[in-house]
Amino acid sequence: MITLQHVSKCFDDLKAVDGVSLSMQEGTVFGLIGTNGAGKTTLLSMIAGIIKPDGGEIFIDEKRVEVRQGSNPDVYFIPDEPYFFRNGTAKDMEKYLSTVYPDFATEPFYEYLEKFGLEKNRKISTFSKGMQKQLAILCGLCANTKYLICDETFDGLDPVMRQGIKAIFANHMELRGLTPIIASHNLRELEDICDHVGLLHRGGVILSKDLLEMKCNIQKVQCVFQREEEQKKLQDLEILKLEKRGMLSTITLRGSREEIQTAFSAFDTVFFEVLPLSLEEIFISETEVVGYDIKKLILN
Amino acid sequence: MILKNSFLTDAIENLKRRSWVFWGSFLMFFCCYPGFLLLHLNGLKNSISIDKGEQMNHMMNSVEALYTENLILTFFVILLGVLFGIQGYAYLHDKRQVNFYHSQPIKRSRRFFTLWFNGILLFGVSYVVNMVLGLFVAAGYGCFTGQLMMLAGKATLFYLVLFLSIYHVSIIAVLLTGHTLVSLLAVGVLLFYELAARGICLVYENSFFVTRRYQHGDEAVYSFSSPIMKLVGYFKYQHSRYFWEKELFPYGKTILDLLLLGLIFGTVAWYLYEKRPSEGYGKSISFLNIKEPLRILLLVLFGVSGTILLYFLAGQSLIFGVLGAVFTVFLGHVVIQLIYEVDLKAVRKNLLSAGISFLLTLVFFFSFRFDVFGMDGRIPAKNRVENVAILLPGVETHGNHWVLEDGTELWGNLYSRNQMKLTDLDVVYDALEQAVDPKEFRKNIEVSSTTEKYYSIEILFQKKNGKKESRNLYFEETKLGEIFNPIYHMEEFQKVTDQTAMEGFLEKYQIGGGEYFNGLEKVKLDLSTIKELHKAYHVDVKEAEYTEIYSQIPIGKLIFEGTGLMFPTYINRWEVMIYPGFAHTIKILQEKNIPWRAEFSEESLDQTLYLEVSLTDWEQVGSRDKSEVTKTIRYEKKEEIKALLTHALPRENTMWCNGIILYKTHTDDLNLEVKLVKKASPEEAVAMYGEYYEGEGRITEELIFRAEELPERILKDMERTAFGEVKVR
Numbered sequence: 342m343i344t345l346q347h348v349s350k351c352f353d354d355l356k357a358v359d360g361v362s363l364s365m366q367e368g369t370v371f372g373l374i375g376t377n378g379a380g381k382t383t384l385l386s387m388i389a390g391i392i393k394p395d396g397g398e399i400f401i402d403e404k405r406v407e408v409r410q411g412s413n414p415d416v417y418f419i420p421d422e423p424y425f426f427r428n429g430t431a432k433d434m435e436k437y438l439s440t441v442y443p444d445f446a447t448e449p450f451y452e453y454l455e456k457f458g459l460e461k462n463r464k465i466s467t468f469s470k471g472m473q474k475q476l477a478i479l480c481g482l483c484a485n486t487k488y489l490i491c492d493e494t495f496d497g498l499d500p501v502m503r504q505g506i507k508a509i510f511a512n513h514m515e516l517r518g519l520t521p522i523i524a525s526h527n528l529r530e531l532e533d534i535c536d537h538v539g540l541l542h543r544g545g546v547i548l549s550k551d552l553l554e555m556k557c558n559i560q561k562v563q564c565v566f567q568r569e570e571e572q573k574k575l576q577d578l579e580i581l582k583l584e585k586r587g588m589l590s591t592i593t594l595r596g597s598r599e600e601i602q603t604a605f606s607a608f609d610t611v612f613f614e615v616l617p618l619s620l621e622e623i624f625i626s627e628t629e630v631v632g633y634d635i636k637k638l639i640l641n
Numbered sequence: 039m040i041l042k043n044s045f046l047t048d049a050i051e052n053l054k055r056r057s058w059v060f061w062g063s064f065l066m067f068f069c070c071y072p073g074f075l076l077l078h079l080n081g082l083k084n085s086i087s088i089d090k091g092e093q094m095n096h097m098m099n100s101v102e103a104l105y106t107e108n109l110i111l112t113f114f115v116i117l118l119g120v121l122f123g124i125q126g127y128a129y130l131h132d133k134r135q136v137n138f139y140h141s142q143p144i145k146r147s148r149r150f151f152t153l154w155f156n157g158i159l160l161f162g163v164s165y166v167v168n169m170v171l172g173l174f175v176a177a178g179y180g181c182f183t184g185q186l187m188m189l190a191g192k193a194t195l196f197y198l199v200l201f202l203s204i205y206h207v208s209i210i211a212v213l214l215t216g217h218t219l220v221s222l223l224a225v226g227v228l229l230f231y232e233l234a235a236r237g238i239c240l241v242y243e244n245s246f247f248v249t250r251r252y253q254h255g256d257e258a259v260y261s262f263s264s265p266i267m268k269l270v271g272y273f274k275y276q277h278s279r280y281f282w283e284k285e286l287f288p289y290g291k292t293i294l295d296l297l298l299l300g301l302i303f304g305t306v307a308w309y310l311y312e313k314r315p316s317e318g319y320g321k322s323i324s325f326l327n328i329k330e331p332l333r334i335l336l337l338v339l340f341g342v343s344g345t346i347l348l349y350f351l352a353g354q355s356l357i358f359g360v361l362g363a364v365f366t367v368f369l370g371h372v373v374i375q376l377i378y379e380v381d382l383k384a385v386r387k388n389l390l391s392a393g394i395s396f397l398l399t400l401v402f403f404f405s406f407r408f409d410v411f412g413m414d415g416r417i418p419a420k421n422r423v424e425n426v427a428i429l430l431p432g433v434e435t436h437g438n439h440w441v442l443e444d445g446t447e448l449w450g451n452l453y454s455r456n457q458m459k460l461t462d463l464d465v466v467y468d469a470l471e472q473a474v475d476p477k478e479f480r481k482n483i484e485v486s487s488t489t490e491k492y493y494s495i496e497i498l499f500q501k502k503n504g505k506k507e508s509r510n511l512y513f514e515e516t517k518l519g520e521i522f523n524p525i526y527h528m529e530e531f532q533k534v535t536d537q538t539a540m541e542g543f544l545e546k547y548q549i550g551g552g553e554y555f556n557g558l559e560k561v562k563l564d565l566s567t568i569k570e571l572h573k574a575y576h577v578d579v580k581e582a583e584y585t586e587i588y589s590q591i592p593i594g595k596l597i598f599e600g601t602g603l604m605f606p607t608y609i610n611r612w613e614v615m616i617y618p619g620f621a622h623t624i625k626i627l628q629e630k631n632i633p634w635r636a637e638f639s640e641e642s643l644d645q646t647l648y649l650e651v652s653l654t655d656w657e658q659v660g661s662r663d664k665s666e667v668t669k670t671i672r673y674e675k676k677e678e679i680k681a682l683l684t685h686a687l688p689r690e691n692t693m694w695c696n697g698i699i700l701y702k703t704h705t706d707d708l709n710l711e712v713k714l715v716k717k718a719s720p721e722e723a724v725a726m727y728g729e730y731y732e733g734e735g736r737i738t739e740e741l742i743f744r745a746e747e748l749p750e751r752i753l754k755d756m757e758r759t760a761f762g763e764v765k766v767r
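Read top to bottom, the protein sequences are chains E and C.
Residue 353 in the working numbering sits at position 12 of the first sequence, and the numbers go up by one each step.
Residue 365 in the working numbering sits at position 327 of the second sequence, and the numbers go up by one each step.
If you are wondering where the hints come from, they were derived from the structure by calculation, not from laboratory data.
No residue lacks a Cβ here, since even glycine has one placed at the ideal position from N, Cα and C.
Among the hints, erroneous ones may be present.
Claimed, not checked - If you want the ones that stay clear, here's a sample from chain C, every Cβ over 12 Å from chain E, calculated:
1) 166
2) 227
3) 245
4) 348
5) 354
6) 361
7) 457
8) 611
9) 622
10) 725
What the hints assert, rightly or not - Derived DSS-like pairs (lysine-lysine); straight-line CA-CA distance at most 25 Å:
11) C:501 with C:291
12) E:404 with C:313
13) C:321 with E:393
14) C:420 with C:517
15) C:560 with C:630
16) E:436 with C:54
17) C:546 with C:580
18) E:436 with C:145
19) C:54 with E:461
20) C:321 with C:387
21) C:133 with E:436
22) E:393 with C:329
23) E:432 with C:54
24) E:356 with E:550
25) C:501 with C:420
26) C:54 with C:133
27) C:481 with C:517
28) E:470 with C:133
29) C:313 with E:393
30) E:404 with C:145
31) E:393 with C:145
32) E:393 with E:404
33) E:393 with C:133
34) E:464 with C:54
Generate the whole structure from the sequences, applying the supplied hints.
What follows is the structure, given as structure tokens:
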């Protein structure tokens with residue numbers, strides 16, 4: 342488990358990360374969401390042992406991260422702009438990384454290269470941006486570390502490749518308990534892969550919740566009340582958002598599907614329906630509760 | 039078996055990515071050693087201008103010089119030190135590389151030492167391989183000797199330790215900065231800031247402090263230097279073969295010093311590497327807390343340089359000095375902002391630092407200009423001084439040639455300056471306390487624009503902490519003899535001011551004879567005569583009062599000629615001056631019928647056409663033609679000339695003295711030009727002026743009248759000139 346306790350970091354006068362406390366559980370996919378400049382990269386760099394926090398502590402499996410000691414051997418960091426040796430090939434990268442990560446999976450690496458159509462002896466500088474990203478991810482996966490930190494890694498990948506990578510992630514999670522930590526400024530990128538999501542804004546964590554829990558605990562209801570007075574009965578429910586268009590009310594409220602259905606069965610409604618909520622909508626609701634306008638924060 | 043995740047594996051992996059610097063280094067050393075040797079030795083072997091017997095000596099000397107006194111090689115070593123340092127650690131300036139390398143489970147210290155080790159390894163291998171190849175080439179031409187092997191070994195050690203120091207300075211520069219171009223500038227700043235700062239201080243001291251004038255630049259810079267400046271100072275040794283041939287000093291000491299410097303710089307580099315924030319890439323300075331102090335240090339240096347430049351260019355104008363400060367501090371601020379932020383708009387930022395720098399510049403300038411802190415009159419405290427050297431006018435002899443232990447050759451008073459160690463500080467400080475207060479002195483020169491009342495004496499203080507400080511203290515000219523007589527008679531003083539006083543001088547330098555020259559005539563002396571005169575001279579020197587030495591024109595000089603010099607040099611003559619009061623010497627000269635003073639013979643008078651005395655008002659020359667402000671009187675009667683010549687000396691004699699008397703005989707107050715014009719045959723004219731002289735059958739001898747013996751006749755004649763009285767002191 343990765344634990345962050347009151348972690349802060351300033352660059353000149355800018356507070357990039359401000360007292361962040363988070364936990365990232367093993368065997369889950371942690372999604373870190375935030376706008377550009379929210380502090381995602383800084384936070385991940387601190388976890389990876391690249392940047393030293395000004396305050397607070399970071400623990401990886403109870404071992405404190407110390408910049409001087411180098412990164413934790415269980416962590417591999419894929420930055421948003423990966424580095425490859427000048428004039429280097431995929432083979433050169435494999436040779437080098439094998440010396441740094443003793444458990445580097447050489448054979449699977451070459452197998453993946455073949456599957457992804459990346460030539461092992463071709464200069465990486467001649468690869469497209471997307472191909473370079475693929476190579477960086479494959480290097481990270483084959484390093485066989487427990488935690489794989491991906492900073493904006495899926496940007497620049499085509500949808501097919503993205504799905505392929507996600508499948509490999511799932512495979513590694515199942516086979517060897519890989520814990521990916523994925524940062525993105527795009528909520529939709531993470532919707533189908535994350536188990537847990539942390540929302541970062543201006544260096545602070547607005548929200549950190551289990552996605553399933555969030556999904557189960559928030560419902561969206563569309564209904565038409567028989568009489569206006571019926572609406573007053575909603576006061577007993579924990580309403581997050583209420584919109585009215587003519588007679589049609591759209592209500593986002595906290596509670597399980599069963600609880601909501603039971604509650605509404607007591608109301609006199611002409612029409613009632615529980616609608617599915619996207620991650621985006623869940624976020625909108627959750628962040629609005631804590632006083633943020635999520636649309637301005639992360640949605641493209 | 040090499041462990042997968044080990045230092046060696048890291049090193050090997052890193053080496054793969056540094057091959058270009060290795061080959062660059064290899065090529066440089068190849069050109070310096072085997073390549074150059076092959077061409078050079080082949081050229082020497084086939085040269086028809088070199089005697090075959092001498093050929094091998096020539097070749098061996100060339101090879102030895104190539105391995106040791108090779109400034110190009112030194113330059114390459116310095117260049118490679120900078121290159122390897124920057125190339126090894128420049129990854130820190132690239133965000134992608136920092137993310138890549140620093141996210142790996144490798145300790146910072148291990149990464150530092152991997153890069154460090156590889157830099158040294160690549161340099162070392164490229165150097166040693168080519169150095170050995172060079173030895174093979176030398177052997178191929180039959181120039182390989184044990185001596186060459188020893189010199190090559192010493193050179194290898196020297197270049198390695200030199201490389202180490204420069205390499206570490208370069209690494210420090212990379213670590214302090216976040217951009218490779220700025221790193222290069224930082225190397226320059228680290229190596230030369232102190233030199234520039236000390237140079238500027240020296241200029242200020244020399245310009246504004248009367249006691250600090252004529253300081254020896256190298257001494258002021260080297261003896262007060264920081265470790266980095268010491269490094270710069272070592273280059274002065276390298277050209278001397280003596281340096282390479284001696285084992286312990288100065289070579290051994292230099293190696294130890296350089297190693298120590300390397301160790302200090304290396305430790306600093308390691309510390310900075312551990313502390314450097316990874317996010318320092320792309321920034322001009324990676325450590326934020328040093329950014330502003332560094333800016334101020336640079337701006338003040340710019341400022342004080344510009345201030346003094348404009349101050350003097352504008353004829354010592356304070357207003358222009360201040361304008362110079364404003365201009366240069368602002369210009370420096372613009373340059374630094376452009377380097378720091380690469381944005382001209384950024385000029386508006388950090389004005390506080392620029393303002394502080396401007397104020398500090400003004401404080402610096404005014405504190406020197408008006409001697410606010412009374413630094414001008416301050417001399418090192420007696421309890422902090424080990425010994426003192428005092429250079430008294432009239433004492434140092436011209437022909438002295440000394441060789442120091444480190445091979446440095448010194449002439450005249452430079453030796454005295456370095457070797458004199460007066461330890462009776464009570465006597466010395468008693469004399470020094472009688473110096474004129476610099477403020478008083480300044481007031482006087484401001485009023486009369488002349489320093490004739492005072493005479494400057496150079497004092498060198500060797501302090502207990504190993505540093506040296508020199509001062510020029512001013513004393514009333516009339517009291518010099520009285521003040522410095524006790525010092526003149528100190529044995530510690532005499533033994534380093536006159537080389538001929540050295541024990542066994544005649545034998546050591548195989549003196550075979552010499553000459554006595556009174557300014558007009560030279561007389562050859564045999565060994566026995568010169569031995570007698572040598573003995574008598576030293577009796578006279580000891581018995582003489584200092585007043586006599588500094589205030590009289592020598593009547594002649596005794597020249598010792600020898601062949602047995604300790605070190606090869608073209609100097610083989612030592613000259614000592616004979617003063618009118620040197621009774622023992624004069625007695626021997628008289629006994630041996632040697633013309634002890636210049637006398638104009640009857641024959642000479644018969645040849646004389648006229649004696650011409652001119653007086654020029656030099657203050658008017660420039661605004662008026664010299665002929666208009668020059669009064670010339672010509673004496674043509676033989677008796678008249680004869681009478682006048684009894685008071686005259688050849689001008690030549692004044693060239694032998696120094697200090698006050700030299701000043702007096704050339705002073706503008708006594709603007710007498712005395713010329714004795716004689717008839718001469720073409721042979722005589724050619725003998726005097728050289729074979730290309732096309733004279734008119736006459737020669738001119740320049741004479742002087744000693745101030746105290748100026749003939750009444752001339753004084754009277756000159757009083758009638760348009761310039762008023764002849765000023766005679």
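Sort out which numbered hints this structure fails and list those numbers smallest first.
none
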